[in-house]
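S.K.: Residue numbers (our numbering), protein chains in the order written: chain A, 37 to 192; chain B, 5 to 377; chain C, 876 to 1202.
To be clear, the hints were calculated from the coordinates, so they are not data collected in a lab.
Misleading hints may appear alongside valid ones.
[Unchecked claim] Derived pair list, reagent style DSS-like, types lysine-lysine, alpha-carbon separation capped at 30 Å:
1) A/K186 to B/K307
2) A/K153 to A/K180
3) B/K106 to A/K180
4) B/K68 to A/K175
5) B/K202 to A/K186
6) B/K302 to A/K186
7) A/K180 to B/K302
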Amino acid sequence: MMLKDIEARMQAKFADSPLKRDETGVTGARWSVELPISAIREAAMEFNGAGFFLESITALDFEDTFELVYHYNCFEPASRVTVRVLCGHDQSPASVCDIFRGAVWLEREVHDFFGIKFAGNPDMRPLLLPEDADYHPLKKTFGKVGAYHKREVIYG
Amino acid sequence: MDELVRNEAGDRIYSLNLGPQHPSTHGVLRILLDLDGEYIVKADPVIGYGHRGHEKMGENRQYKQFLPNTSRIDYLSGLLYNHGFVLAVEKLAGIKVPERAKFIRVIAAELNRISSHLLWFGTYLLDIGGITPFLYAFDDREHILDILDTITGSRLTYSYCRFGGVCRDIDWKFIEMSRAFLKRMEARWADYEALVTKNVIFIHRTRDVGVIDRELARQYGVTGPNLRACGVPFDVRRSEPYEVYDRLDFEIPTGTKGDALDRYNVRFREMQQSCRIIDQALDQLPEGEVLAPKVPQKLSPPKGEVYSAFESARGLSAYYMVSDGSSGPYRCHIRVPSFGNLNVLNDVLPGTLVADAISILGSIDVVIPEIDR
Amino acid sequence: MSEGLLGFEGFRLILGMVIALSFASVNALFLVWLERKVSGHIQLRPGPMEVGPHGVLQTAADALKLIGKELILPLKADKKLFFLAPVLVFTPVLVGFLVLPFSPGLIIHDMNLGVLLVFAFSTITVLAILTGGWASNNKYALLGAVRSVAQNVAYEIPLLLAVMSIVLMVHSLSFSHIVVLQKNVWFVFLQPLACLIYLIAATAETNRAPFDIPEAESELVAGFHTEYSGMGFGLYFLAEYTNMFIVCAVATSLFFGGWNGLFGISLGIPGVFWFLFKTYFLIFVIMWVRWTFPRVRFDQLMNFSWKVMIPLSLVNLVITAIVVKII
C-alpha cells in the first residue's frame, strides 16, 4: 500500500520527527508529522513520488511562531496526511511550486493572508486581496482579534 | 490598437481582458488572455473580486454565529457547506447526531447537489450558445428550491443544519414533493439526453476540449466531477463516508479522457445518482428525534484541531478548525474545490480557442466567490 | 398621376421604396415579437404578455425606448465610421425588396437581373459589420467583425453556387420568371440539395444561431455591436430581421414556388398570401433552429463550409449542368 510505503520512507528520512497517529479521526488525517522548516521540499518530493496530491496549504499565526500546515491526500486509497512546519515570523519557507504546480496559488494565498514569503515562488502577487494590498488580514495583529496565543497553549 | 505588444518571436499579441464583467465568467472572474488570432497564448486568471473574509469572520465569531456564513461561501451548494461546517464542529465537540437527522441531512444535501448541478447544466449550455436547456434546467431547479423552501425557509442561502441535527423535521408534504420531483426527473433526463447529450453540435463542441488528465489533476489538486471525468473514482462520500452514505447504494460515475464531454457526462450521471440516494434515504428514513438534546447554546469544544472533508457539488471541500477551548475557533480555514479546479486553467487554456476557453471554464463548473471566500 | 416629374417608373420606384421601408419596420417589429413568442413557447414559458394582447405591442414599446436612448460614442472610436456603419448595414438590405416577387404584378421593379441584385447588395452588409466592429475600437467588437467577414466569405460561395444551379435550370436571373416556372412543381423537389445548402448558408449569412459566432454573446459579449446603443443598435437589429425576411423570401421564390400554391393548387388564396405564408414559415423554422441548438465553434464553422458545403454545392452544380445539357 502506498500509505505504508510513505510511512516507512518518512520515518527513515526524518528519524527525529515521529509520526503522530490519529485513531479518533477528528483531525481527518491518518497521521501527522512535524518537520523542520528545511525539510519542506524533501517531504513534498516524497509525497509527489508516492502519487499524493497537495490538498491545501494553510498557516496559523501564534504569538511565537507561524505554523504551516500542509495536507496531502491520495486518490486511491484516500489517506490524508498532515505535515506541520514551524516557521518563525521572520523566516521564509521554501516553495514547493515546482513539485506541485498548483502550489503557486496556494502559497500566494498564504502570503496574502499571513505575509509569509515563500522562497522560490516566482509569483508572489496578491491573489485574493487587491493588487496593492500591504496588509495580511489573518494575522492576529490585524483588525478585530479574539485571542492571540503562544503555540503551546493549544498543542500543549 | 495601441496595446499591441510583441512576443519573443516578434509576433504581435492581441491581449484581451475577459471579465470581470462578462456574460460567462460565472461570478467575477477576470482572465487576462494573450491571443494569437483566436488562439490563446497565455492565460492569467485574476481572482479575488468576491473576497469577503469568511475565514477572518470565522475566527471572530462563535461557532453558532458562523453558521449562516457557511452557505454564502459557495452559494450554489449552500446546504452542502452548511452541512460540512456542522459536521466539523460536531467532530470537534463530540456531539452525537440522531439517526433521523442524518438521513434528513443527506436528503437535503443531495437535493442541493442536484440543484447546483442543474444550474451548472443550464449555464454551461448557455456558455456554448444553447439557451433553451438553460430555461429547462431552471424550471427543474425551481422545484428543488420549492422543496427545500418548505423545510429550510430559504431558497438559496440555507442555514438548516444545527449542531446535533437539523432545525426542523420533515413532514409528509416534503416527502410527497420529493417523490414527485424524483418521478418528474425520470422523464426529464430523457428530454435532456435528446436535447443536449445526443446533439451533434454539442458533442463537437465538447469532445477533446480542455483535457485534464490524471497527472494534471493531481498536480493542481483538482477534485470532484472534474477529477472523476479522467477516470479516478475519488469521492469523499465513498472514501471517507460521513453521515449515512456508507449505508446507501450509489455509483460514482467516471469518465475516461477528462475532456469537457466527460465532465458533462459525469455530472449528468451524478444527478441521477443523487436521485437514487434521495430515493433510498426516503425509504429508509427512521422515526425519532431530529436534534440531539442538551447541546449547549454556547459551544466550547476542547483544545485541538479538526479537519473535516465533505463532497460539495464541486469536489472535495473541507473545514480545518483549530480550537483554543473558547467559544470560537482560533483558526478557521476552508478548503474549497474550485480553487484547484480554476488553478488548473493556467495549464489548460494556452493553445485553445477563445470559444473553447468559455466552454472549458463552463465545464469545470467554478463558483468564483467560493474561491475568493 | 402616372406622368409626373419622374415618370411612371420613377414614381413607382419611390413609392415602392417607401412602402418597402415601412414594411421592413413593421416586419422587424413583428419578427422580434414572433421570435420572443417562439422562444418562449419552446422554453415552456409564455413570452411577452404585458403590452397589448399577448404582448404584440411589446416590440413597439421597445423600439420607442431604443429611439429615445442616447447614442453613446466610445472615447477612442472613429466617429464617422461608427455612425456610418449602422446606416450602411441597413440600406443594402432594403434594396433587396426592390425585386422580391410578392405576387404577379406586385413587384417594385421586375428586373431581369433580380437574383444577382439581391446577392450583390447583401454582400455589402458584411463590409458594414466590419466597419462597425473596427470603428468601435473595442476588442470584442473587432474579433466579432473579423469572424463575421471570414464567415460571410465562406458561406457566400455555397449560397451562390446553390442559387446558380437554379439559374442554370431556368436560364434566367429574373425572380418572376423563376416563380412562374414553378407553377406545377416547386424547385425544392428538383433541387433538394441546393435548397438545403441554401438554407444552411443563408442562416450563416444572416448570423443566426447556431452560426451566430460574430455576435456570440457568451464569448464576445455582443460581438461587432458591443459598443452600439440606442438606434445604432436598433438599426443593426432591424437589418438582421429584415435580412432574415429577405433570405427567406428569396428561398420561397427560388425553391418553394413563390406565389404559387402546392402542385398548382392555390385553394383560391391570393398569391401574395401564399408567398408571405411560406416566407414566414421558413423564418419560423430558422427561429426554431436557433432555440434548439448550441452554437458551433468558429473553426468548425469554417471547416463545415470549406470541406462540406462548397464541395457538395459544386457537385450539385456540375450534375445540374450535365442534366440540363442532356435534356
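S.K.: All hints are to be evaluated individually against the structure, with a verdict given for each.
M.R.: Each hint, compared with the structure:
1. A/K186 to B/K307: Roughly 13 Å between the alpha carbons, so the hint for A/K186 and B/K307 holds.
2. A/K153 to A/K180: Roughly 24 Å separates the two Cα atoms, so the pair holds.
3. B/K106 to A/K180: violated, 36 Å
4. B/K68 to A/K175: holds, 23 Å
5. B/K202 to A/K186: Measuring from Cα to Cα gives roughly 61 Å; hence the hint is violated.
6. B/K302 to A/K186: holds, 24 Å
7. A/K180 to B/K302: With a Cα-Cα distance of about 20 Å, the restraint between A/K180 and B/K302 holds, given a limit of 30 Å.
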